[in-house]
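Undergrad: Spelled out from the first residue to the last, the chains are:
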Amino acid sequence: MNPGKSIDPRSFAIDDRLTGVSRIVGVSGSKGGVGRSVVSSTLALALADQGKRVGLFDLDFTSPSDHVVLGVRRGFPDEEFGIDPHVVHGIHMVSVAFFTGDTAVPLRGDAATSTLLELLAITRWGDLDVLVLDMPPGLGDTNLDVIQLLPRLELLLVGNGSRVVIDSVRRALDLFTELHVPTIGLLENMHRGNERAVELLAVAAGVPFLGSIPYDQDLEDALGDVDRLRSSAVYSALENVLPA
Amino acid sequence: MHELALADSVLKAALSAADDAGMDRIDRIVVKIGELQQIERELFEFSLTTVLPAMDARLAGVKFDLSEELVRFECRSCGTDYGRDEAGIESDGDQGEAIHFIPELSHAFARCPSCGSPDFEIRAGRGITLERIVGSGEDESG
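Top to bottom, those sequences are chains A and B. Using the working numbering, the letters of the first sequence map in sequence onto residues 612 to 855. Using the working numbering, the letters of the second sequence map in sequence onto residues 12 to 153.
Hints were generated in silico from the structure; no laboratory data involved. For every residue, glycine included, the Cβ atom is placed at its ideal position computed from N, Cα and C. Don't take every hint at face value.
As the list claims (entries may be wrong) - Heads up, incomplete: computed chain A residues facing chain B, CB under 7 Å, no partners named:
| # | residue |
| --- | --- |
| 1 | 694 |
| 2 | 717 |
| 3 | 733 |
As the list claims (entries may be wrong) - So these bits of chain B aren't anywhere near chain A, every CB distance computed over 12 Å:
| # | residue |
| --- | --- |
| 4 | 53 |
| 5 | 70 |
| 6 | 95 |
To be verified - To be clear about the criterion: a stretch of chain B counts as covered by chain A if any three or more of its residues have a C-beta under 8 Å from a C-beta of chain A, and this derived list gives those stretches:
| # | segment |
| --- | --- |
| 7 | 18 to 31 |
| 8 | 75 to 82 |
| 9 | 130 to 144 |
The shape of chain B in the complex, shown without the other chains:
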């Protein structure tokens, strides 16, 4: 359940952003979840909504907008753009588990479907990103 640790980092980042923006309450936190990390969304959402908001009064009543983003790799050798299914990563077992903890370890297992290179860039859908927060008395910032 390292989703709790990731959720914790999202809320800490949101509170820091609220400090920067002078917000005394956070109404909404918008988060993007990348496909590659294979986060258990229910567990992540549960951590955000139930376990952690008690950490700070500014999070009381906060709502979350979660959206998912598909992973896109770009091969640095031949330029091919491809997704997780084409990368040849095993979803179950040790490969999936390793990438779940550290998405960059996909470099050990994923290969370009065109040229077989392990040298690629993860262009989208890597992991968790805090997109923006909306706070009381403030315009959207993010």
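Chain A on its own, in the form it takes in the complex:
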């Protein structure tokens, strides 16, 4: 302890809070709009349907949407020696939307960091096979905080064939390699026609290509309805995407 300097105690509790979690999978994609929230939420749903103990942590604090994908309207947590995630469709879920409803939450970087620390310090995830993290877009504070605070993190990258996305994902892969973050692989979302840019990027970067989720024009109507999500191409593509 540095003499004369007070310390924030929250980071010291994080390891204990996650001790029962076997895997921490961050669903990342450096560009916005590639479908991270749909992939994160549907992956959690598919794993829960397989009988796995699954957590879902929406880290997009300023624009949370996992609750929209899964049709969860309210989930104020129970408070008991910390907070217990809201359990819905078999998924243990935490989102700031459960606290703020439809109100906008403007957070600068330091406030987002503090929000992450607080939730990691007080949430009792219990025993989980997989904790899915819906990472926010970009390579800013929250992404870097998660990499720093959760050394067991594995990343599942989502991209699509757009040139602006490919460029961004390539840079993100380079950074994650430099930071020694294990990458499960690269998943193509919203696949159209004969595009192979994501697959070729995975090959060039030396990371596993996890397959393509076809563009589904009916997906919008399935959002918020888990029964329809279960019938979607996204769900089918994600059922076996996570290697053991």
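Given the coordinates of chain A, work out where chain B should sit on it, guided by the hints.
TA: Frame of chain A; chain B shown alone:
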């Protein structure tokens, strides 16, 4: 009762600091409690003094100094310095409860009393801070 989780983090941080300082016993832990989080002080103190010290022998007989700090916001738009009462946060109900769990969610509810901006910095009185520890055979460090 998430005060227990916060108290647990304070003691874990104190034990880590004791490790760094080579202390074999912690005699006193000084903690600052920020107004914004609206911690139930009795519950927090009970967690510190009764429930948790059994976690480590170095905490046997430890005393706690708890002090409270008023919250101060500074508006990033107009520079106004203001407190909780002026921020328009509802103390009871969902707003108070949300801020109790995550003080940063005050950004959803608090507004500058001068210009109405939600863009502010929490300059003081946010939540729990470990100020310093005093251990056996050591000078105060913290």
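Undergrad: Now tell me, hint by hint, if it's right for this structure.
TA: Do the hints match the structure? See the list:
1. A distance limit of 7 Å between C-beta atoms decides the matter here; for residue 694(A) the minimum to chain B is near 6 Å, and the interface restraint holds.
2. Given hint, residue 717(A) at the interface with chain B, holds; its Cβ is 5 Å from that chain's nearest Cβ, closer than 7 Å.
3. Given the 7 Å rule on beta carbons, the hint for residue 733(A) holds: about 4 Å separates it from the nearest Cβ of chain B.
4. Residue placement check: residue 53(B) keeps its beta carbon more than 12 Å from all beta carbons of chain A (closest about 16 Å).
5. Annotated as non-interface, residue 70(B) keeps its C-beta farther than 12 Å from every C-beta of chain A; the closest such distance is 14 Å.
6. Against the 12 Å criterion, residue 95(B) stays outside the reach of chain A, whose nearest CB is about 17 Å from its own CB.
7. Only residues whose beta carbon comes within less than 8 Å of a beta carbon in chain A count, and the segment 18 to 31 of chain B has 9; three or more means the coverage holds.
8. Counting residues of the segment 75 to 82 of chain B whose C-beta lies closer than 8 Å to any C-beta of chain A gives 0; at least three are required, and the coverage claim is violated.
9. Residues of the segment 130 to 144 of chain B lying with their CB closer than 8 Å to a CB of chain A number 10, which satisfies the three-residue condition for coverage.
Hint compliance for this structure: hint 8 alone is broken.
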